[in-house]
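Sequences are here, hints too, so could you generate the full structure?
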Amino acid sequence: MRILVVEDEEDLARAIATGLRREGYAVDLVHDGNDALDKLRLYPYDLICLDLNLPGVDGREIARSARNQSASAEGPRILMVTARDTVEDRVGGLDDGADDYLVKPFDYRELSARVRAVLRRPTADGGGVLRVGSLELDAARHEASDAGRPLKLTPKEFALLRYFMSRAGEVLSQEELLEHVWDENADLFSSSRVRVAVMGLRRKLGDDQPIETVVGRGYRLREDN
4 MRILVVEDEE DLARAIATGL RREGYAVDLV HDGNDALDKL RLYPYDLICL
54 DLNLPGVDGR EIARSARNQS ASAEGPRILM VTARDTVEDR VGGLDDGADD
104 YLVKPFDYRE LSARVRAVLR RPTADGGGVL RVGSLELDAA RHEASDAGRP
154 LKLTPKEFAL LRYFMSRAGE VLSQEELLEH VWDENADLFS SSRVRVAVMG
204 LRRKLGDDQP IETVVGRGYR LREDN
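Sequential numbering from 4 applies to the sequence shown in my numbering.
A few of these clues could be false.
Here are the simulated DSBU-like cross-link-like pairs (lysine-lysine), alpha carbons at most 30 Å apart as the crow flies [what the hints assert, rightly or not]:
1) 207 / 107
2) 155 / 42
3) 159 / 207
4) 207 / 155
Pair ranges (Cβ atoms, derived) [unchecked claim]:
5) 187 / 207: 24 to 34 Å
6) 150 / 13: 42 to 52 Å
7) 155 / 67: 37 to 47 Å
8) 24 / 67: 23 to 33 Å
9) 211 / 56: 23 to 33 Å
Simulated from the structure, these hints should not be mistaken for lab results.
Cβ coordinates follow ideal geometry from the N, Cα and C atoms, glycine included.
Here it is in structure tokens:
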């Protein structure tokens with residue numbers, strides 16, 4: 004999953020980005036509202052961690068813009084992270100399109116839990132665990148297994164499997180995987196990163212291979228594995 008962190012307090016922004024990257028998310032980081040709007044026009048984010056008090060453009064305007072651009076459940080989820088803590092601020096933020104609202108100061112563990120909860124909503128998954136066939140993935144514990152066998156995955160392999168499982172049965176192109184599992188530093192014109200990561204994941208999934216290559220289109224995780 005790909006996340007945009009919009010926060011003008013640079014130390015806090017780096018701390019949030021570091022924590023999310025350790026959990027396997029692809030994270031882009033900006034400190035200015037205008038830069039955030041530019042990123043949203045360029046990349047398909049799954050979630051925005053959004054401060055309200057920003058130079059350039061206010062966070063509420065960014066939230067409205069993100070909602071207007073997508074106008075669908077497939078657009079980015081929005082977690083507002085701000086020091087504004089009045090009822091009016093929270094109601095206004097939610098009315099502008101936020102999916103959740105976290106008041107500063109906060110414990111990173113709560114932010115992490117709220118990110119997981121917000122990202123679960125588009126999948127209609129009722130719990131904290133993804134299950135597809137014999138595969139099970141627990142994002143909170145950062146654990147994955149196949150038919151009960153623990154899988155020892157790198158952070159990138161874990162993120163790749165999580166995205167496959169969230170889109171089980173769909174054909175995913177290399178470009179889509181790059182956009183959602185890697186950050187802006189990845190070369191979007193190079194397919195080698197995806198091939199290497201998919202090969203590594205396949206080796207760890209074993210002989211009954213649930214990830215299929217769809218010639219000329221990309222990859223698909225079988226739902227009946």
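Restraint check for residue 155 with residue 42, where alpha carbons must lie at most 30 Å apart: 33 Å, violated
Residue 150 versus residue 13 beta-carbon gap, inside 42 to 52 Å or not: 45 Å, holds
Agreement of residue 207 and residue 155 with the hint, judged by alpha carbon distance not exceeding 30 Å: Distance of about 8 Å is within 30 Å: holds.
Distance restraint evaluation - residue 155, residue 67, Cβ atoms, bounds 37 to 47 Å: About 43 Å separates the Cβ atoms of residue 155 and residue 67, which means 37 to 47 Å holds.
Hint consistency between residue 207 and residue 107 [alpha-carbon to alpha-carbon, up to 30 Å]: 40 Å, violated
Verdict for residue 187, residue 207 (Cβ pair) under range 24 to 34 Å: 27 Å, holds
Range agreement (Cβ of residue 67 with Cβ of residue 24, hint 23 to 33 Å): 28 Å, holds
Pairwise hint evaluation, residue 207 against residue 159, where the allowed Cα distance is 30 Å at most: With Cα atoms ~13 Å apart, residue 159 and residue 207 stay inside 30 Å; holds.
Whether the CB-CB distance between residue 211 and residue 56 falls inside 23 to 33 Å: For residue 211 and residue 56 the Cβ distance comes to about 52 Å; the hint is violated.
Comparing the model with each earlier hint shows violations of hints 1, 2 and 9; every other hint is respected.
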